[in-house]
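Protein chains: 2
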Amino acid sequence: MNTPVGVLLSGSGTNLQALLDAAAEGTSFRIAVVISNRRDAHGLERARQAGVPAVWIPHRGKEREAHEAELVAALREHGAEWVALAGYMRLLKTTLLAAFPQRVLNIHPALLPSFPGTHGQRQAFEYGVRIAGCTLHFVDHGTDTGPIIAQGAVPVLPDDDEDALKARILGLEHELYPRVLRWAVEGRLRIDGRRVHVDLPEGEEAFVWAR
Amino acid sequence: MNTPVGVLLSGSGTNLQALLDAAAEGTSFRIAVVISNRRDAHGLERARQAGVPAVWIPHRGKEREAHEAELVAALREHGAEWVALAGYMRLLKTTLLAAFPQRVLNIHPALLPSFPGTHGQRQAFEYGVRIAGCTLHFVDHGTDTGPIIAQGAVPVLPDDDEDALKARILGLEHELYPRVLRWAVEGRLRIDGRRVHVDLPEGEEAFVWAR
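Each protein sequence line maps, in turn, to chains S and F. Take the first sequence: its position 176, counting from 1, is numbered 182 in our numbering, and each next residue is one higher. Take the second sequence: its position 88, counting from 1, is numbered 94 in our numbering, and each next residue is one higher.
If you're looking for bench data, these hints aren't it; they were derived computationally from the structure. Warning: the hint list may mix true and false statements.
As the list claims (entries may be wrong) - To give a feel for the contact side, a few chain S residues facing chain F, derived at Cβ under 7 Å:
| hint | residue |
| --- | --- |
| 1 | S16 |
| 2 | G134 |
| 3 | V135 |
| 4 | R136 |
| 5 | P161 |
Just so it is clear, the structure is predicted and the values come from calculations on it, not from any experiment. Idealized CB from N, CA, C, for every residue including glycine.
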C-alpha cells in the first residue's frame, strides 16, 4: 500500500514532477494532493495532468495560522500522511507542523547551513563558492534550519552563469527528493537531536556528487 | 626561479608538510620560512627537518599590531613574497595584510561560508551535514570570509566519528593547498569582488570531490 503524501508548492513544480514520475514508475508513496497558495502555479497544472487533486488555497488577507488550518484540512481530506514542500514560498508556523509532527520535508537549493532563504543558488553564485548543491531536510520553525536528511553537491564551473548552476543543482534535486521521500514513508528516518539516522537500503546513500 | 613563500602555523603543520613535499618534488614555490606563535608547534620541527628556517615569534603580552610587525619583519628577512596560513590560530589585522596585499592565503576545514572559525569539522559533524569539505581562500579582515579560490568536498559517512571526518577532509586539504599555492605564485589568480578567477592549467580544476 503506497503512503499518501501531500505536496505544497508556489511555482513551476519541477520537484513535484520528479515525485509524480517516481510514483508512476512505482515507489512506496503516492501523491494524494497538491496544494498551492498561488492559483497560477504551474505545479497545479502538473497535478491535474497526472490525475492528482490540485487545490488552490490563497493566503492573502488571512492570518497565518488560519491559512495553515485550511492547508491541514485539505491535506487531511485527501488522506496525506506526510507533507513534501516543493518550492513553497511561505514559512510554516505552528499549526501545520503540529498537525504533521516530524512529517514535513523540504528541499533547498544550497548546501545548508550555507545560503538559507530565497535564491540559494544565486547567493552561492554571488558568494563565489566552488561547490554548491542542495539539501533535503525536515522542516522546523526556522528558515531552512531543520535536521538534514540528504545532500547533493555539484561544482561551480568557470563558465557558469546563475542559470547554468541552477540547472545543475536541479538535476540533483530531482534525483534526491523521490529517494528521500521513499525513505521517509518507509520509516527509515530517525531524528536524533540535529542529526538524522537513515536505515539505508542496500546500495543507497544520503549524498550525491554530480558534475 | 621558485617563488619564496612564508608559512604561519600554530600546530602540527600537516599542511606545511604537504607544501614542503610539493616543493621537494618540484613546483613553482619554495618554503622560505616557517613562523609559529607557539614554540612547541610541531610544524617548526617539520621545517627544521626540511632545512627551512623555523622561527618562534610569541604573541603573549604584545599588542596585536606589534606582533604582526614582527611577523612581517621575519617574512621580509627571508624574502617571502606570499604568505600561506596553515593552522595559524590568530586573526590577522591590518599590518600583515597591508604588507602582503592579496598575497595571504588560508585553508579552512569546512565548505565556507558554512562553519567558519575554530573546529570547522566538529561544527559540521554536530550540525549533521551529509557533505563536508575544505576551502582555500584569500585572507581578509574577517574570520574565514575572504574570496574563495578552491574547495574540496567529502561525504559524511554513517559510521563516521569526528576524527574520521577530520581525516577525510585533511586528505583533500593536502591535495588542494600545493595546487592553489602554485597557481598563486604563477600569477593565475585574479580577484574580482567576491569571486576569484583562476587561469587554470590544462586538466586542473578549482574543486575536488573524494570519498
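Against the structure, the hints come out as follows:
Interface restraint check for S16 of chain S: the shortest CB-CB distance to chain F comes to about 26 Å, outside 7 Å, so the restraint is violated. Satisfaction of the interface hint for G134 of chain S is found here, the shortest Cβ-Cβ separation to chain F being roughly 4 Å, below the 7 Å cut-off. Nearest Cβ of chain F to the Cβ of V135 of chain S: about 6 Å, under the 7 Å cut. The hint holds. For R136 of chain S, the interface hint holds, the least distance from its beta-carbon to any beta-carbon of chain F being 4 Å, beneath 7 Å.
Annotation: interface hint on P161 of chain S holds; nearest CB of chain F at approximately 4 Å, less than 7 Å.
Checked against the numbered hints above, the structure breaks only hint 1 and satisfies the rest.
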